[in-house]
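Q: Residue numbers (UniProt numbering), protein chains in the order written: chain L, 1 to 478; chain R, 1 to 244.
Worth flagging that the hints you see were computed from the coordinates, not collected in a lab. Warning: the hint list may mix true and false statements.
Chain R regions said to be covered by chain L (calculated; three or more residues, Cβ under 8 Å) [stated by the list, open to error]:
1) 4-15
2) 145-157
Taking CB as the label site, the calculated pair distances span [unchecked claim]:
3) Asn16/R <-> Pro402/L: 27 to 37 Å
4) Gln57/R <-> Asp340/L: 55 to 65 Å
5) Asn29/R <-> Asn414/L: 25 to 35 Å
6) Pro312/L <-> Ser68/R: 21 to 31 Å
7) Asp133/R <-> Gly273/L: 33 to 43 Å
8) Asp130/R <-> Ile463/L: 41 to 51 Å
9) Asp206/R <-> Tyr320/L: 49 to 59 Å
10) Lys112/R <-> Ala376/L: 25 to 35 Å
We treat Cβ as the ideally placed atom computed from N, Cα and C, and that holds for glycine.
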Amino acid sequence: MKKWQVAVVMVLATLGSWFAFASTAQAKTYTIATDTTFAPFEFQAKGGKYKGIDIDILNAIAKKENINYKLKAISFGAAVQQLSANQVDGVIAGMNVTPERKQTFDFSDAYYTSGVVMAVAKDSSVKNFKDLKGKTVALKTGTAGATYAKSIESKYGFKIKYFNDSNNMYNDVKVGNSAACFEDYPVMSYGIKNGIALKIVSKQYEAGDYGFAVKKGKNAELLKKFNAGLKAIKADGQYKKIVDKYLHSSESSLTGETASSRTFVGLFTQNLGTIGNGLWMTLELTVISIILATVMGMILGVLGVMPGKLGPAISSTIIYIFRGMPLMVLAFFIYIGFPDLIGHGFKIPAFIAGMITLMLNEGAYTGAFVKGGFQAVDNGQMEAARSLGLPYWTAMRKVIMPQGIRIMIPSFINQFIITLKDTSILSVIGIVELTQTGTLIIARNFEGFKIWLMIAIIYLVIITLLTWLSNWVQRRMS
Amino acid sequence: MAKVIVKDLHKSYGDNEVLKGLNLEVEDNEVVCMIGPSGSGKSTFLRCLNDLEVPTQGQIVISGYDLSDKGTNINLVRENIGMVFQHFNLFPHLSVMQNITLAPVQLKKESKETADTTAHELLKTVGLADKADAMPNSLSGGQQQRVAIARALAMKPKIMLFDEPTSALDPEMVGDVLDVMKKLAAGGMTMIVVTHEMGFAKEVADRVVFMADGLIQESGKPDDVFDHPKSPRLQDFLNKVINV
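Chain L on its own, in the form it takes in the complex (with noise of 0.2 Å):
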C-alpha cells in the first residue's frame, strides 16, 4: 500500500471506531447538556470545569440520588434543540418554565425562583420602559428577559436584536448600540459585580421558575430522582449554600482569578490550557476535514470531467447543494435534523457532526476548483495519452492529474485557510474549539476585547505559518 492510501484507511477507520463508540454509549449515564454562559448558573471556570448554581444543585442531586450523568456544556439554544431531538436526557440552563416549553418537556419542581430585570450602561440617561421608545433593546433569544420584553415591544414603541449570548447582549448595551438589555435578575447582577459597566434600573418582573427539563414522556426516572434530590438538598441546606455562595460572593472568589491577572499577559497564562485545548481541537478539526475534504474533492472533481453525462451531473449536483448551503445551517442539519430524521436514539457526536460539515462544505468547494484545474489542462494532453493506447484512467492518473493539480495549488492553499477559519463555525454546535473557547473565558471574566484580541492573533499566527508551509510545498513542486 502506498503512504496515502495507508492514510485514507486510517482515517476511515477512526471515523468507523468513533461512530461505534457513539452507538454503544452506556444506558445507565445520562447526558445533561447545560449552557456555557450563563453565570451563575454556568459557566466554565479556570481550567475548562465549569461551575455555578446549576452544575452545583445537580451535582448535589446526583450524589443524593446515585444518578449517574455526565454534562454537556453547549450554547443554550443548542441544548433546548437537542433535548427535543433526543440527543441529550435533560437540560438544566436555568431554564424558564414556561406554557409553551411544557409542550415539548417535563419540567422538575421548581429550583430557583428568578424576575426579569432592565440593565442600561452606567451612564445612560434611560430610567424606565417609557424612555425606550424608538430605541434598540438587546435580548438573549429563548430567555424569559426575551419573551417579557417582547411582550411589551409595542407598548412602549423599541426595536428588539437578538443575541445567541449574554456576553455579546451586554456589550452592545455597553457599547451603546442597544439601549437596555432584559436578563434574569441573579444573572445580570452577578455580572455587574464581576466588572460590567451596566446598571439595574428596573424591579423584578415576572418572576418565572427554573426547572430541570426532560423530554416529554421520557425519562421519567430521571425526574423523579431530580425531584426527590432536590427536597432533600433544601431540606439539609445544602441548596442555600450553594445559592449563597453564589449570589453574594464575586467571579474571583470563584475562579482562583486575580486583579494582577487581568493584564494581557496575565489573561494569556492564566488561560493557557484553555486556550491551548480549543486551539488543539480547531488543528485536529481543521487539518482531519482538509484531508477529507480533499478526497471529497478529488472525487467530485474526477466525476465532473468524466466522459459520459453522468458523472458530472452527480458532480454538480453535490457541488450545487453543499456549496449553496450555509456553513451553520448545515452543521445544526447534520448535527441535530439528521439522528432526528433517523431517530431510534441515533445519535452523531458533535466533533463528527462537524468534521463531516466541513467534508461536505469545503469539500464541494474543492470540488469545484479541481474540476476546474482538470479543464484547464489542454485538450490536446488527454488526446495525445489516448493516441498513445493510455486507457482514460491512466491517462488520467499520469498526465491529467499532475498537470490541474499544479494548477490548483493557489487555491488549495486559500482553501486550507478557509477550512481553518471556518471551524469557528462549528461553536454552534457546542464545539469547544478555540472561538468557542473564547466565548466561554469571556463568559466568567467579561474581558471581551483582549480575549478575542488573543484569539485573533492565534489564528493570524496560524494562517501565517500554514502559508509558509503551504508557499514552501509549493516551491518544491515547481
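With the hints as your guide, set chain R onto chain L.
A: Just chain R now, with coordinates in the frame of chain L:
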C-alpha cells in the same frame, strides 16, 4: 488486405456535416499525403482513424480491427497507430525521456530499462540524443515535434498519422521535422500525412489525396496530381498554394 479501409465515412457536428462520405484504402508501406484547403475535413478524417472523433456513419477498418465494432478494444488499436499533432502535445510535466517511455512502461510493453534503451535509440534517430533529460518547455518547436514523433514511435506502431506536423513551426524548423518523416517513409512505415508542405508531398508521397468540402475530390500519384490536375477545384487550390 489493405492496412486501412475507410468506407462511406460521415461525420457531423450538429447540423454541420464535415465529412460527407469518404472512401479510401491505404496499403502496407504506403505514404499518403492529404492536401486541401482549411476546413475541408482533412484533420477530422485523420482523427476518426484513431477514434479521437467518433464517425456519425460509415466503417473504418485498421489492421483488421473494425473501429465501429463495439467489441473492439480501442486502446489496443491505438497502440498500433502513432499520432503526431500540430501542437506536439508533449506532456509538460515530464522530461523528454519520460514522455517517450510513459506509454510503453504503463502498458507493460517493455520494462523500464528496455524502454529507456529504445527511447535513447529513437532520440538518436530524430537527432536529439543529447536532450533526453530536458523538459519539453526548454525545447524549440521543431525539437518538440521530433520528440513527439519519437514518443509515437516508441509504441512500435504499424501506422503513423501526422496531423499538419509542421504548421505550427517556424520556417527554419520545418526541414528537420520533414527529414525525420522522410527517413521514416524510407524505412517502410505506413503513413497518412495531412500537410500543407507541397514539396514534401511531391517528394515523399506514394499517393496524394485532395480533399475539399468533406469529400475526396481527386487522388493519384504526386506527378499526376500536381502536374496534371483534372478537377477545377484542385487546379484552383494548387494555383493559390503555389503562387503564394
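Q: With reference to the structure, classify each hint as holding or not holding.
A: Hint check results:
Evaluation of the coverage hint for the region 4-15 of chain R: breached, as 0 residues show C-beta separations to chain L shorter than 8 Å, against a requirement of three. Three residues within the 8 Å Cβ limit are the bar, and the region 145-157 of chain R against chain L gives 4, so the coverage statement holds. Asn16/R and Pro402/L have their C-beta atoms about 35 Å apart, which keeps the hinted 27 to 37 Å range intact. The hint said 55 to 65 Å for the Cβ distance between Gln57/R and Asp340/L, and at roughly 57 Å that hint holds.
Our hint of 25 to 35 Å for Asn29/R and Asn414/L is violated, since their Cβ atoms are close to 56 Å apart. Separation of Pro312/L from Ser68/R is about 26 Å and conforms to the stated range, judged on CB atoms against 21 to 31 Å. Remark: the range hint 33 to 43 Å for Asp133/R to Gly273/L is contradicted by a beta-carbon distance near 55 Å. For Asp130/R and Ile463/L, the Cβ-Cβ distance of about 47 Å falls inside the hinted range of 41 to 51 Å, so the restraint holds.
Checked against the hint of 49 to 59 Å, the pair Asp206/R and Tyr320/L passes, with Cβ atoms roughly 56 Å apart. Between Lys112/R and Ala376/L the Cβ separation comes to about 31 Å, which falls inside the hinted range of 25 to 35 Å.
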